[in-house]
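Participant: Residues per chain are reported as follows:
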Amino acid sequence: MSTLDTTMATETGGHHGPAKGIGRWLFTTNHKDIGSMYLWFSLLMFFLGGCMALMIRAELFQPGLQLVEPGFFNQMTTMHGLIMVFGAVMPAFVGLANWMVPMMIGAPDMALPRMNNWSFWILPFAFAMLVSTLFMDGGAPNFGWTFYAPLSTTYAPPSVTYFIFAVHMMGISSIMGAINIIATILNMRAPGMTMMKLPLFCWTWLITAFLLIAVMPVLAGVVTMMLMDIHFGTSFFDAAGGGDPVLFQHVFWFFGHPEVYIMILPAFGIISQIIPTFARKRLFGYASMVYATASIAILSFLVWAHHMFTVGLPLAGELFFMFATMLIAVPTGVKVFNWVATMFRGSMTFETPMLFALAFVVLFTIGGFSGLMLAIAPVDFQYHDTYFVVAHFHYVLVPGAVFAIMAGVYYWLPKWTGHMLNERMGRLHFWLSFIGVNVTFFPMHFIGLAGMPRRIPDYALQFADFNMVATLGAFLFGFSQLVFLWNVIACVRGGRKAEARAWEGAEGLEWEVASPAPYHTFATPPKLPESLR
Amino acid sequence: MVRTIITTIGSGLGLTLYSTATLADWTVNLTPGVTDVSRSVFDLHMTIFWICVAIALVVFGVMFWSIFHHRKSRGAQAHHFHENTLVEVIWTLIPIVILVAMAIPATATLVDMYDTDEAELDIQITGYQWKWRYDYLDHDLTFFSNLSTPREQISNEADKQEHYLLEVDRHLVLPVDTRIRFLLTSNDVIHSWWVPALAVKKDAIPGFINDAWTVINEPGIYRGQCAELCGKDHGFMPVVVEAVSRAEFQQWLADARAAEQAEAAAAERVWTLDELMQQGEQVYLRACAACHLPNGEGVPGAFPALKGSAITLGDVGAHIDIVLNGKSGTAMQAFRDQLSATELAAVITYERNAWGNSLGEAVSPAQIARLLQPATGEAEQ
Amino acid sequence: MSDQPNFWQTLLSVLSSFFGVQSERNRERDFRHGRPIHYILTGLLMATLFVLGVILLVRWALSLAGI
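These protein sequence lines map, in sequence, to chains H, R and W.
Residue numbers for the first sequence follow my numbering, beginning at 12 and rising by one.
Residue numbers for the second sequence follow my numbering, beginning at 47 and rising by one.
Residue numbers for the third sequence follow my numbering, beginning at 7 and rising by one.
Keep in mind the hints are simulated off the structure, nothing from the lab.
Backbone N, C-alpha and C fix where the C-beta goes; we use that ideal spot for every residue, glycine too.
Wrong hints could be hidden among the right ones.
Unchecked claim - Simulated coverage check for chain W against chain H, where a stretch passes if three residues somewhere in it have a Cβ under 8 Å from a Cβ of chain H: (1) 12-25; (2) 29-37; (3) 51-64.
To be verified - Have a look at the derived ranges for each label pair, beta carbon to beta carbon: (4) GLY266/R - LEU58/W: 43 to 49 Å; (5) LEU18/W - PHE110/R: 33 to 39 Å; (6) PRO228/H - ARG120/R: 49 to 55 Å; (7) GLN123/R - PRO540/H: 51 to 57 Å; (8) LEU21/W - ILE140/R: 17 to 23 Å; (9) LEU17/W - PHE221/H: 17 to 23 Å; (10) ARG41/W - ARG504/H: 47 to 53 Å; (11) GLY203/H - ILE140/R: 48 to 54 Å; (12) ALA356/R - PRO228/H: 41 to 47 Å.
Said to hold, decoys possible - Simulated crosslink set (DSS-like; lysine-lysine; CA at most 30 Å straight-line): (13) LYS538/H - LYS208/H; (14) LYS373/R - LYS353/R; (15) LYS118/R - LYS508/H; (16) LYS208/H - LYS118/R; (17) LYS31/H - LYS508/H.
Bound-form chain H, shown alone (with noise of 0.2 Å):
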């Protein structure tokens, strides 16, 4: 290791570092400051769409309306979805993937550094037309995140338009960020970095990867034809003019399922990383996890109209895909069948990621759990565009892929900081994140099946009690993500210095450099440590 350091700073010596002031950032080609922004901006998003959660929650405190109109209500639930889709969890995995991709195979940057800098610098342009609908006359979308037409099309405010072409921007955005990834995993690995070696994060987003370029597409075309609809007369989704709404939505959800994938995937890829370095055993089954991440892969693009039991399908429709839906639930065991494999017989210690780690585990598998139910079509006629659903997929989202995220920005923060965290307030972060994300989204399971409809400002009064607990766990959760924030410029800015090795634990190339890691680094191709070989 330490050999490695010496020829790094000695390789790195002569070239340049990075440019003065805000230069810098504009022009940057370095995939650690596309990273680093990446990660600011999705951070940015988290806090712009968590303030849109607190707002419905408020509203949502109790029955009656109190602080927002339904129309402005409706715009809240539609941009809090689309903001956290699009804004907060998928930037924060390009940026994870910025940083840690060329550090793990041994690559010098990513494939294509221009293009990467393109595809950030697409996304600020993009949320702020999106946001900035909120200001127009008839205001922002508020025709949900799945945008169903014709209520998004012949039925939408003028600023429609504007989010049509935002989506555009973050689909070209996302491609480019895919076909980056995948050329730097294929291309650029060290020598002796086979795909057999590669690190499980590297894996899943590879496979991510393919599934962005394969259904983001499908997302340019659906907005297209709405574009079509509203301004061209064409009639796609107007059954009076000879088209059919429900096709708007197997579109959609052709790309809407695999999408949900898209903000999973990368997530088993970091929980794969870290639950071998605490339990400092290697991960159990690395095969089986890579075949389980292809297989949901696969699967996902045989389930959405599973999105889509009460709209009349076919019995023949509705059992072809309740059966391959439930399928699912096969892979996604093996996973954590397998992490819990890895602890089993190790040596675990609790640092703040590895806590944020085991509460995925536990937390992704409950919205698993709900998952699986909604899979049963003749019950899903209860359950569907209701709280329960709510539920289902906010468990598998906040303690599921932004959880993910948290724990590998814990994980990797000694790599890019240069020092450690301050556990206790790791720790704070953690139990306050724990406590409140569960008394959030476990009542919303409990209103869902007492029959509270999603997407609703006001409610009767049975829903009441239930409601109440969830914003106070709302707020609970939202304010205690300020630690967060604090934690992280805590250790920008200072903090016990980090090792080239942060976590004892922890293997791989990342881990032989030093931390902080270097601005250049794998000028040259490394040679792989003993562990690797």
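Following the hints, position chains R and W against chain H.
Facilitator: Chains R and W alone, transformed into the frame defined by chain H:
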């Protein structure tokens, strides 16, 4: 968009008023419902739930056992196994067996739910922004069902009653022990008609017809809501089904049709401006105020103001036309089939004479009734 | 052992990827000696067969239900 803080605080005090009434109501589970189908759905739900609980106990049990016993602080040494294909195949096959066991009853229930033949009673359900229309297809009876919760309760100016947001002006009355088929469609956007106690939830899609069926076993009042986001007042279009005995149902049908005829006769007599204004206000609050607001000021950029507008102050013919026929490509619906001639005349009169609009002229119900004549019996556009 | 995995071995590997479980030894063999195009083609074929399989299962279930 943000109301005064005072309202918020006021409603905070209102908290005690309703929570005492509902304190015991921490409902945590699905309703078993009142039909055979809803019971088998409930049984499926409980079966899959307990299967999930059992799997969770095993998986989390092993996990927490490891967390407790295999921690470094207890001196645990890491073992070095990291693969066992046989074990993995076994723990992959077990879930498959469980899933197959689950799929069989689920398929049977689903097949049953899809068998919509041989109904004794056909009800067409049409979703409108934001109300339901019910057509008793073989009985020549049609009516709309609107939310009847007063605005003051929604805006926290009055105490909320027991069925807050789950009450309508006209119930969908259905007979028990009768095989009923629902035919669902929509006039504008996609809605979804849902009554948990019947385990019926089906999307109402413009231009398409979906079907579902039920046989209700017990008389009673069953409440549900629109389940698909359908715009601003999605949360304010409940469904209320009243199940009565077959004899009571026949009686109710006869009464409802007699009332319709009386209503038509009322259009023939002469109405004074005051009478029309009085009825017009009620109709306006029920049918128009959701978009144009009770004060007629609308929502800029979404729903135009009626106060001081060119239509409510301009030519009466154009005003009648837009109310009767709607404006295509916008949220303005055609009200010719939704309201009676008297109601239409009253609401148009009201719009022309309220909130400082003061033309002083009345639109007579008879005049509207003549305009409605040619369209009678036709399907609405 | 010949270097290139034969058709049955390729098929087995693709099926493992559908199932989600694979042994380390087979994976190593595949990545060391296999050619990606074989796996992609077999994968597409098996995906089609999988869809057809589920459709047949649905047909069978419906015929049992008498529809």
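Participant: Does each hint fit the structure? Answer for all of them.
Facilitator: Consistency of the hints with the structure:
1. Residues of the region 12-25 of chain W with a Cβ under 8 Å from some Cβ of chain H number 4, which satisfies the need for three, so the listed coverage holds.
2. Taking a C-beta to C-beta cut-off of 8 Å, the region 29-37 of chain W contributes 6 residues in contact with chain H, enough for the three needed, and the coverage statement holds.
3. Given as covered by chain H, the region 51-64 of chain W passes the check, having 7 residues with a CB less than 8 Å from a CB of that chain where 3 are the minimum.
4. Judged by the Cβ atoms, the range 43 to 49 Å given for GLY266/R and LEU58/W holds: they are separated by roughly 47 Å.
5. For LEU18/W and PHE110/R, the hinted distance range of 33 to 39 Å is satisfied, since their beta carbons lie about 36 Å from each other.
6. Checked against the hint of 49 to 55 Å, the pair PRO228/H and ARG120/R passes, with Cβ atoms roughly 53 Å apart.
7. For GLN123/R and PRO540/H, the Cβ-Cβ distance of about 23 Å falls outside the hinted range of 51 to 57 Å, so the restraint is violated.
8. One distance hint, 17 to 23 Å for the beta-carbon pair LEU21/W and ILE140/R, holds here, with the actual separation near 19 Å.
9. Checked against the hint of 17 to 23 Å, the C-beta distance between LEU17/W and PHE221/H comes to roughly 21 Å, which is consistent with it.
10. The given range of 47 to 53 Å is respected by ARG41/W and ARG504/H, whose C-beta atoms sit roughly 51 Å from each other.
11. Hint check: GLY203/H to ILE140/R, Cβ distance near 38 Å, so the stated range 48 to 54 Å is violated.
12. Our hint of 41 to 47 Å for ALA356/R and PRO228/H holds, since their Cβ atoms are close to 46 Å apart.
13. Taking the CA atoms of LYS538/H and LYS208/H, the gap is near 14 Å; set against the 30 Å cutoff, the hint holds.
14. Proposed proximity of LYS373/R and LYS353/R is supported: the alpha carbons are some 18 Å apart, at most 30 Å.
15. Restraint check for LYS118/R and LYS508/H: satisfied, since their Cα atoms lie roughly 23 Å apart, inside the 30 Å limit.
16. The straight-line distance between the Cα atoms of LYS208/H and LYS118/R is roughly 27 Å, inside the 30 Å bound, and the hint therefore holds.
17. Straight-line distance between C-alpha atoms of LYS31/H and LYS508/H comes to about 25 Å, which keeps the hinted pair within the 30 Å bound.
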